[in-house]
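K.L.:
Use the sequences and the hints to build the structure in full.
2 protein chains.
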Amino acid sequence: MHSSEVFNFSAGPATLPHEVLKIVQEELLDYKGTGLSVMTMSHRSKTFLDILHEVENDLSQLLGIPDDYAILFLQGGASLQFTDIVWNLSLSQKRQVGCVVSGNWSKIAYQQISKMDLVSTQLIATSECEGQFLDVPLQKDWQVDMPLDFIHFTSNETVHGVQYQTLPHQLSHDYPLLVCDMSSDFLSRSIKVQDYALIYAGAQKNIGPAGVTVVIVRKDLLGKAPNTVPDVLNYQSHFKKDGMYNTPNTFGTYVCGLVMKWLLQQGGLSQMEKINTQKAHLLYSTIDNSGGFYVNHVHQPVRSKMNVVFYTPNEKLDALFIEEATQANLKFLKGYRSMGGMRASIYNAMPLKGVQTLCEFMQDFQQRYE
Amino acid sequence: MHSSEVFNFSAGPATLPHEVLKIVQEELLDYKGTGLSVMTMSHRSKTFLDILHEVENDLSQLLGIPDDYAILFLQGGASLQFTDIVWNLSLSQKRQVGCVVSGNWSKIAYQQISKMDLVSTQLIATSECEGQFLDVPLQKDWQVDMPLDFIHFTSNETVHGVQYQTLPHQLSHDYPLLVCDMSSDFLSRSIKVQDYALIYAGAQKNIGPAGVTVVIVRKDLLGKAPNTVPDVLNYQSHFKKDGMYNTPNTFGTYVCGLVMKWLLQQGGLSQMEKINTQKAHLLYSTIDNSGGFYVNHVHQPVRSKMNVVFYTPNEKLDALFIEEATQANLKFLKGYRSMGGMRASIYNAMPLKGVQTLCEFMQDFQQRYE
Numbered sequence: 001m002h003s004s005e006v007f008n009f010s011a012g013p014a015t016l017p018h019e020v021l022k023i024v025q026e027e028l029l030d031y032k033g034t035g036l037s038v039m040t041m042s043h044r045s046k047t048f049l050d051i052l053h054e055v056e057n058d059l060s061q062l063l064g065i066p067d068d069y070a071i072l073f074l075q076g077g078a079s080l081q082f083t084d085i086v087w088n089l090s091l092s093q094k095r096q097v098g099c100v101v102s103g104n105w106s107k108i109a110y111q112q113i114s115k116m117d118l119v120s121t122q123l124i125a126t127s128e129c130e131g132q133f134l135d136v137p138l139q140k141d142w143q144v145d146m147p148l149d150f151i152h153f154t155s156n157e158t159v160h161g162v163q164y165q166t167l168p169h170q171l172s173h174d175y176p177l178l179v180c181d182m183s184s185d186f187l188s189r190s191i192k193v194q195d196y197a198l199i200y201a202g203a204q205k206n207i208g209p210a211g212v213t214v215v216i217v218r219k220d221l222l223g224k225a226p227n228t229v230p231d232v233l234n235y236q237s238h239f240k241k242d243g244m245y246n247t248p249n250t251f252g253t254y255v256c257g258l259v260m261k262w263l264l265q266q267g268g269l270s271q272m273e274k275i276n277t278q279k280a281h282l283l284y285s286t287i288d289n290s291g292g293f294y295v296n297h298v299h300q301p302v303r304s305k306m307n308v309v310f311y312t313p314n315e316k317l318d319a320l321f322i323e324e325a326t327q328a329n330l331k332f333l334k335g336y337r338s339m340g341g342m343r344a345s346i347y348n349a350m351p352l353k354g355v356q357t358l359c360e361f362m363q364d365f366q367q368r369y370e
Numbered sequence: 001m002h003s004s005e006v007f008n009f010s011a012g013p014a015t016l017p018h019e020v021l022k023i024v025q026e027e028l029l030d031y032k033g034t035g036l037s038v039m040t041m042s043h044r045s046k047t048f049l050d051i052l053h054e055v056e057n058d059l060s061q062l063l064g065i066p067d068d069y070a071i072l073f074l075q076g077g078a079s080l081q082f083t084d085i086v087w088n089l090s091l092s093q094k095r096q097v098g099c100v101v102s103g104n105w106s107k108i109a110y111q112q113i114s115k116m117d118l119v120s121t122q123l124i125a126t127s128e129c130e131g132q133f134l135d136v137p138l139q140k141d142w143q144v145d146m147p148l149d150f151i152h153f154t155s156n157e158t159v160h161g162v163q164y165q166t167l168p169h170q171l172s173h174d175y176p177l178l179v180c181d182m183s184s185d186f187l188s189r190s191i192k193v194q195d196y197a198l199i200y201a202g203a204q205k206n207i208g209p210a211g212v213t214v215v216i217v218r219k220d221l222l223g224k225a226p227n228t229v230p231d232v233l234n235y236q237s238h239f240k241k242d243g244m245y246n247t248p249n250t251f252g253t254y255v256c257g258l259v260m261k262w263l264l265q266q267g268g269l270s271q272m273e274k275i276n277t278q279k280a281h282l283l284y285s286t287i288d289n290s291g292g293f294y295v296n297h298v299h300q301p302v303r304s305k306m307n308v309v310f311y312t313p314n315e316k317l318d319a320l321f322i323e324e325a326t327q328a329n330l331k332f333l334k335g336y337r338s339m340g341g342m343r344a345s346i347y348n349a350m351p352l353k354g355v356q357t358l359c360e361f362m363q364d365f366q367q368r369y370e
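If you read the protein sequences in the order shown, they are chains A and B. One point on numbering: in our numbering, the residue at position 254 of the first sequence is 254, and numbering is uninterrupted. One point on numbering: in our numbering, the residue at position 205 of the second sequence is 205, and numbering is uninterrupted.
If you're looking for bench data, these hints aren't it; they were derived computationally from the structure. What you are looking at is a predicted structure, and each value in this text was computed from that prediction instead of being measured. One thing to keep in mind: the hints can contain errors.
Unchecked claim - BS3-like, lysine-lysine: derived pairs with alpha carbons at most 27 Å apart:
hint	chain 1	residue 1	chain 2	residue 2
1	A	Lys224	B	Lys107
2	A	Lys241	B	Lys115
3	B	Lys274	B	Lys353
4	A	Lys219	A	Lys192
5	A	Lys107	B	Lys240
6	B	Lys241	A	Lys107
7	B	Lys115	A	Lys22
8	B	Lys107	A	Lys107
9	A	Lys240	B	Lys115
10	B	Lys224	A	Lys22
11	A	Lys240	B	Lys107
12	B	Lys94	A	Lys46
13	B	Lys46	B	Lys241
14	B	Lys224	A	Lys115
15	B	Lys224	A	Lys32
16	A	Lys115	B	Lys94
17	B	Lys115	A	Lys94
18	A	Lys22	A	Lys274
19	A	Lys316	B	Lys46
20	B	Lys115	A	Lys115
21	B	Lys32	A	Lys353
22	B	Lys274	B	Lys192
As the list claims (entries may be wrong) - Covered stretches of chain A (in silico footprint by chain B; criterion: 3 or more residues with CB under 8 Å from a CB of chain B, positions within the stretch not fixed):
hint	segment
23	22-28
24	68-78
25	137-149
26	248-262
To be verified - Here are the in silico distance ranges between beta carbons for each label pair:
hint	chain 1	residue 1	chain 2	residue 2	range
27	B	Lys192	A	Lys240	34 to 42 Å
28	B	Met244	A	Ala319	20 to 28 Å
29	A	Leu264	B	Lys316	43 to 51 Å
30	A	Lys46	B	Leu320	13 to 21 Å
31	A	Pro313	B	Met244	30 to 38 Å
32	A	Leu118	B	Lys353	51 to 59 Å
33	B	Asn227	A	Ala319	35 to 43 Å
34	A	Leu49	B	Leu29	24 to 32 Å
35	A	Ser92	B	Asp242	36 to 44 Å
36	B	Gln327	A	Leu264	34 to 42 Å
37	B	His53	A	Leu352	35 to 43 Å
38	B	Val295	A	Pro226	41 to 49 Å
39	B	Met244	A	Leu118	28 to 36 Å
Cβ coordinates follow ideal geometry from the N, Cα and C atoms, glycine included.
P.N.:
Here it is as structure tokens:
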């Protein structure tokens, strides 16, 4: 079996809606009669500022972002935010940051924050067990018994395929601020923004091309970074200059905006959540109903709806699966280097049909090699 | 008079070669038969890695980059490099950085470096005079009489339209390391890379879309950043992982690569230098031969070949000039906010015809309003 359409299961940079790419292509040489490409416009031109404001408005509408939050489109990926959140949100003298480790990315965040000068980190919870992450530490088990400037956690882990299905939230007024890396499930479901001091997300999973990082931060927390922090790393500089402190990734931000319009057209986040749940259910069912031919080891209640990790009975078959799937136009299914096996990333832009085609391929492959 | 073609004189994000934008458009939905857009490919896919290596090779060929230099495609713009160079190149205990100020950008760099912890800056030369920059401080006048970890200077200043026509260089073996911000004249002329410890350039002037920053750094200087510097800001992390420490701006880098192929097709940098000199000569001649109707105040030998600043006899006429020029499809000629007047940015991708059309418009405008 072979799909005539190419389905791209890359963990990121990931697939984008075909409709969006079509618009990008159509407008590439001439954006709405201006005779210019968005790529070659001044970031201070009215045309680009209009694009940016529309992206902000559409994002606000999608997520229900209250007015007391700032929206920034920055660069550097989630990896730069590991550092930037500390400089911007270390509000007390002690600069104590609580870290929750639930997989590869939150562990890197913990390590990177721990390296920094004048900060102390507290590992308040981890689900690591013999080098594996098959679960996430539930919020009730976090050790929040010391003063913390904020707690950092990652809502979905792309490498290990685990995800908070019930998102940690602001438990009480005295509870430490929550900072969430939502890179890999941003805009895939409804959330309550008010629960977080700051949310950040690299664009290249669910919302656009690599090179754009969205930061949503409570305005009252801005302006508290020490003076020694360079302006470019101070959220306040970007906020005060309406996102024009320095030249943003204009073209990438424009593409993110098209994705947001597409999400609104699909019915917004509650509708996306429904479709994403359906896609994940279909794929996990195919695994679970394979009589053990395919396995996923993640604790069921925290299986990721974005990144589905699975294995055949042996590495040789895994390699064959990937080879044949690639030939069948089901691309980038190879698991993360340290994990082996397969990983299907099924973000917002992966159509239901792509997952159906993958499931059919899996059943066919099983019949032939069981 | 009215040009049927749109010419975009934006200082950045700036115009890109039409041929390049055509290829971007053609390949947008299907890159060379892969069925995928470059925008949606994994940065670790063979296809993207091949693109990246080709960009590196083409850049090496264009600039003549020796093997003992690393080439990195990073994010965050020149503004992030102001900081990053200090963390990576403060090689001595004293961390003393010499700054040359020749315009808006080098002044911001000086201010930002001065803010940082544990670094002392020395203003070793400035051409600022009553808030204006009409000249650049020649290297022979720099005060290099104390130990310096490195000297930072900016080869071309976009706001003030001044440019080093003879580039500062490594005067002797004992001379401090030179670090150059080449954002706005990168690849516009031949240079000797060996003269510099590090060169950086935001892409959005001469080489591609905003959101990509090229860093060329001597390999023996890598790995000397303090341990407390986050990995994402340590050049060594990016170099050791072949540019894949974190997800790069894949699509932007691909577009930069197309521009480099275009530059090679044009005949390389010596040919670009010839054309750029011709364009600048044409425009400055039009100004100088206007009998004082148009003026440019910059000291003649350091007039920028990239950004040509000029004024009519009064602000009202300046505004009218910009208005009529815009209607005539000569866009983004408005001067920088603090400067007023006009600024024509005529980077590599601005065709000779664009400058000719502007000059004809200027003569026509003068006849009508003198």
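K.L.:
Does each hint hold? Answer for all of them.
P.N.:
Checked hints:
1. The hinted pair formed by lysine 224 of chain A and lysine 107 of chain B meets the criterion: a straight-line CA distance of about 25 Å does not exceed 27 Å.
2. Distance check on the hinted pair: lysine 241 of chain A and lysine 115 of chain B sit about 19 Å apart at the alpha-carbon level, within 27 Å; holds.
3. Between the alpha carbons of lysine 274 of chain B and lysine 353 of chain B the distance comes to roughly 15 Å, so the proposed pair stays at or under 27 Å and holds.
4. Restraint check: the Cα-Cα separation between lysine 219 of chain A and lysine 192 of chain A comes to about 16 Å, which is no more than 27 Å; the hinted pair holds.
5. Our distance criterion of 27 Å between C-alpha atoms is met by lysine 107 of chain A and lysine 240 of chain B, whose separation comes to about 20 Å.
6. A C-alpha spacing of about 19 Å is found between lysine 241 of chain B and lysine 107 of chain A, which places the hinted pair at or below 27 Å, so the restraint holds.
7. Restraint check for lysine 115 of chain B and lysine 22 of chain A: the C-alpha separation of about 46 Å exceeds 27 Å, so the hint is violated.
8. Under the criterion of a C-alpha separation no larger than 27 Å, the hint pairing lysine 107 of chain B with lysine 107 of chain A is inconsistent with the structure, at around 39 Å.
9. The suggested pairing of lysine 240 of chain A with lysine 115 of chain B holds, with an alpha-carbon distance near 19 Å, which does not exceed 27 Å.
10. Distance restraint check for lysine 224 of chain B and lysine 22 of chain A: the Cα-Cα separation of roughly 46 Å exceeds the 27 Å cut-off, and the hinted pair is therefore not satisfied.
11. Pair hint lysine 240 of chain A plus lysine 107 of chain B holds up; C-alpha atoms about 20 Å apart against a cutoff of 27 Å.
12. For the given pair, lysine 94 of chain B sits about 46 Å from lysine 46 of chain A by alpha-carbon distance, which is inconsistent with the 27 Å threshold.
13. The hinted pair formed by lysine 46 of chain B and lysine 241 of chain B meets the criterion: a straight-line CA distance of about 15 Å does not exceed 27 Å.
14. With a C-alpha separation of about 15 Å, the suggested pairing of lysine 224 of chain B with lysine 115 of chain A holds against the 27 Å cut-off.
15. For the hint linking lysine 224 of chain B to lysine 32 of chain A, the alpha-carbon distance of about 49 Å lies beyond 27 Å, and the restraint is violated.
16. Using a Cα cut-off of 27 Å, the hinted pair lysine 115 of chain A and lysine 94 of chain B holds, with the two alpha carbons roughly 22 Å apart.
17. Proposed proximity of lysine 115 of chain B and lysine 94 of chain A is supported: the alpha carbons are some 22 Å apart, at most 27 Å.
18. Pair hint lysine 22 of chain A plus lysine 274 of chain A holds up; C-alpha atoms about 25 Å apart against a cutoff of 27 Å.
19. Taking the CA atoms of lysine 316 of chain A and lysine 46 of chain B, the gap is about 21 Å. The hint holds against a cut of 27 Å.
20. Only pairs whose Cα atoms come within 27 Å are accepted, and lysine 115 of chain B paired with lysine 115 of chain A is accepted, the gap being roughly 21 Å.
21. With a C-alpha separation of about 24 Å, the suggested pair lysine 32 of chain B and lysine 353 of chain A falls inside the 27 Å cut-off, and the hint holds.
22. Pair hint lysine 274 of chain B plus lysine 192 of chain B holds up; C-alpha atoms about 17 Å apart against a cutoff of 27 Å.
23. Counting residues of the segment 22-28 of chain A whose beta carbon lies closer than 8 Å to any beta carbon of chain B gives 4, which meets the minimum of three for the stated coverage.
24. With a cut-off of 8 Å between beta carbons, the segment 68-78 of chain A has 4 residues touching chain B; three or more are needed, and the interface restraint holds.
25. Figure legend: the segment 137-149 of chain A, annotated as covered by chain B; annotation inconsistent (0 residues with Cβ-Cβ distances under 8 Å, at least 3 required).
26. As drawn, the segment 248-262 of chain A meets chain B at 6 residues by the rule of a beta-carbon pair under 8 Å; at three or more, the given contact holds.
27. Checked against the given bound of 34 to 42 Å, the beta carbons of lysine 192 of chain B and lysine 240 of chain A, roughly 40 Å apart, stay inside it.
28. Restraint check, methionine 244 of chain B to alanine 319 of chain A: a C-beta distance of roughly 22 Å satisfies the suggested window 20 to 28 Å.
29. Take leucine 264 of chain A and lysine 316 of chain B: their Cβ atoms lie about 45 Å apart, and the range 43 to 51 Å holds.
30. Range check, lysine 46 of chain A to leucine 320 of chain B: about 19 Å between beta-carbon atoms, so the 13 to 21 Å window is met.
31. At about 31 Å, the beta-carbon gap between proline 313 of chain A and methionine 244 of chain B stays in the expected band of 30 to 38 Å.
32. Hint check: leucine 118 of chain A to lysine 353 of chain B, Cβ distance near 56 Å, so the stated range 51 to 59 Å holds.
33. Hint check: asparagine 227 of chain B to alanine 319 of chain A, Cβ distance near 39 Å, so the stated range 35 to 43 Å holds.
34. The given range of 24 to 32 Å is respected by leucine 49 of chain A and leucine 29 of chain B, whose C-beta atoms sit roughly 28 Å from each other.
35. Roughly 40 Å separates the CB atoms of serine 92 of chain A and aspartate 242 of chain B, a value that falls within the hinted 36 to 44 Å.
36. A hinted range of 34 to 42 Å for the beta carbons of glutamine 327 of chain B and leucine 264 of chain A is consistent with their spacing of about 35 Å.
37. Restraint check, histidine 53 of chain B to leucine 352 of chain A: a C-beta distance of roughly 37 Å satisfies the suggested window 35 to 43 Å.
38. Evaluation of the 41 to 49 Å hint for valine 295 of chain B and proline 226 of chain A yields a pass: the beta carbon distance comes to about 45 Å.
39. With their beta carbons about 30 Å apart, methionine 244 of chain B and leucine 118 of chain A fall inside the hinted range of 28 to 36 Å.
The structure does not agree with the numbered hints 7, 8, 10, 12, 15 and 25 stated previously, though it agrees with the rest.
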